[in-house]
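Residue numbers (this note's numbering), protein chains in the order written: chain A, 3 to 196; chain B, 3 to 196; chain C, 3 to 196; chain D, 3 to 196.
One thing to keep in mind: the hints can contain errors.
Since the list gives no way to pick one copy over another, a pair counts as held whenever it fits inside one copy or between any two copies.
Unchecked claim - Within a straight-line C-alpha distance of at most 27 angstroms, the following computed DSSO-like cross-link-like pairs (lysine-lysine) qualify:
| # | residue 1 | residue 2 |
| --- | --- | --- |
| 1 | Lys-147 | Lys-28 |
| 2 | Lys-5 | Lys-28 |
| 3 | Lys-70 | Lys-149 |
| 4 | Lys-147 | Lys-70 |
| 5 | Lys-147 | Lys-5 |
Keep in mind the hints are simulated off the structure, nothing from the lab.
Number of protein chains: 4
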Amino acid sequence: MGKNRLEAFSDGVIAIIITIMVLELKVPHGDTLGVLAPLASVFMSYILSFIYIGIYWNNHHHMIHACKRVTGGILWANLHLLFWLSLFPFVTGWMGENHFAAIPSALYGGVLLAAAIAYWILQQTIIAAQGVDSPLKAAIGTDWKGKLSPVLYALAILSTFFWPWVAQALYVAVALLWLVPDRRIEKSLRSDGT
Amino acid sequence: MGKNRLEAFSDGVIAIIITIMVLELKVPHGDTLGVLAPLASVFMSYILSFIYIGIYWNNHHHMIHACKRVTGGILWANLHLLFWLSLFPFVTGWMGENHFAAIPSALYGGVLLAAAIAYWILQQTIIAAQGVDSPLKAAIGTDWKGKLSPVLYALAILSTFFWPWVAQALYVAVALLWLVPDRRIEKSLRSDGT
Amino acid sequence: MGKNRLEAFSDGVIAIIITIMVLELKVPHGDTLGVLAPLASVFMSYILSFIYIGIYWNNHHHMIHACKRVTGGILWANLHLLFWLSLFPFVTGWMGENHFAAIPSALYGGVLLAAAIAYWILQQTIIAAQGVDSPLKAAIGTDWKGKLSPVLYALAILSTFFWPWVAQALYVAVALLWLVPDRRIEKSLRSDGT
Amino acid sequence: MGKNRLEAFSDGVIAIIITIMVLELKVPHGDTLGVLAPLASVFMSYILSFIYIGIYWNNHHHMIHACKRVTGGILWANLHLLFWLSLFPFVTGWMGENHFAAIPSALYGGVLLAAAIAYWILQQTIIAAQGVDSPLKAAIGTDWKGKLSPVLYALAILSTFFWPWVAQALYVAVALLWLVPDRRIEKSLRSDGT
């Protein structure tokens, strides 16, 4: 399978996820500023998830760029990642509508954690398919961001039961960590002349 | 008609189907774990359908890859397949919300069966268009999976009236059967140097 | 503007329209065959609209295929067509939920008529941009289907006030008329070696 | 990052936004013309937003066409623009359902203003990345439309509190201003032989 179709399909699914998330922002009844107030937390969780999906789209692109051949394993590891990303609209809406309450925030973190693990599985699957001289393995280096994020998500999930806002702070912190595009892969690929 | 646009359009429709299915997972009221419980069966049916749509996307790609020229007949056979796939969100939601009750499970199987028949019609239409030396015909070989699946779907539909859970087991079994990508076509095409 | 992006954007919009139409088929409460009965007319109108959107996608492809250069006028004529197509989910749902009652059926016909006119405007805009030797003009020939369809839609709209089912019969008849892909353009283009 | 994927992703998101907006046009209960009447303002706001999204798609295409290399900054400036565009369905629905009342109309103008600023930021980011000989900078010239629009949006927002219909007139006026595709960039690029 050519990687173009994998890329196009993933782009399509990610574009739909990022856009249908806004449907959780239900049009309120009434025409006053007051009716918008209860939507503030839904809106804030929408912004957070929009950034996360943007980060996944960006990093996914860099990763697939470093992958020449698509195997069956890569294809299913990719669908597994898309599955967890597809749950973003649900958990974003639930967390937002409940004003960042403990359990919805923990579930949000659970989906973030699952997506991070799915991303890592996809990465390892590509590296395994590329063999010993894997350009992706060379490109990601120590992958400290990829290793730190799941730990922070787990801490955030735990913290929802004690200080719910620490969880939100951690979700924002991890997003900021990734907001910078992964220059390592870009750099490594550029030095290869690709 | 070039096959690229057929492929792009099919990918778009399949990407939308797989993503809007999650909209049947309605955000519940309340912020406790208890409000999630009734969603468990919707979530399980979502996972099952996600895998099925993934399988169709994968196999569809391999089939179209083996098709060089798109005729009007192929185009409409393809739209016919997309029609049945487009009913997945509806039957998935209905089966999930009714906790795998008999009639919704039978209808789910009916759509699976119709999609399998539509897939077979598309396959035969491509083979007919390719003529005697059809590479697709050579590639699919005995097509035992394609012949067995409809039989298992029919058995599952019947079983919903006696032992509903047998139907679910059969749906999962057929999914597992197909989860392995169709290596026959891949192999056959690779030996052709394409 | 290259025609590729126009084609990709139109494909995307049409793929979304054809798929979100199914969201009008609301998952019913209850798990009996009886709860499906009221959905029968929604389902039938969904089939009809699915075929119409499929026809538009197919014919649109052939038309854009015969168009080499995209002008600002073509772009807006195309968006105008997409606008009317985007109303299909609404009128399909309204007609279906009201069991093909007179006024919803007339509005359905009105959108069909407007889409046909928008298609004709797009066609004329492309022909005008191509100048005297327009390959599209040569390809469509007498365009009897394009001329007959709006007349039949208008008749159908009128008939909704006397015999509503005549309108449905006419909608089905026009769909059957177009179901055969437009071989004239295909043939004409092929003889040009494109 | 190649600009093709940026373009394809943006096209996907814009195609979804323009299409899901129609979901705010809820299918009414009843089969009389009377039940459509309350939808008139939702329909009018849908037309307005459809044109705006069409304008953004068109101008976005011309801008990206003049951009050869995509940096991380361009990517995030582009996602920032898509974020504001993704709010169109919400504000369109809210303004339409409240018959162009003051506060929903002001919020609509606020999203128009934010999108215009996001577009300007994206433009400046591309120009900065291109350096002193930026073809985009040369192409946009004085950019009087880009400078006038935010001023008119701000005036419209203010006017909602005194004469709400002036705001609507201004929104229509700015749309008409942009409806003509940006020939400057097209012209400039053509003279470069691109």
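Exercise. List in ascending order the numbers of the hints, as given earlier, that are violated by the structure.
Key: The structure breaks hints 1, 2; every other hint is satisfied.
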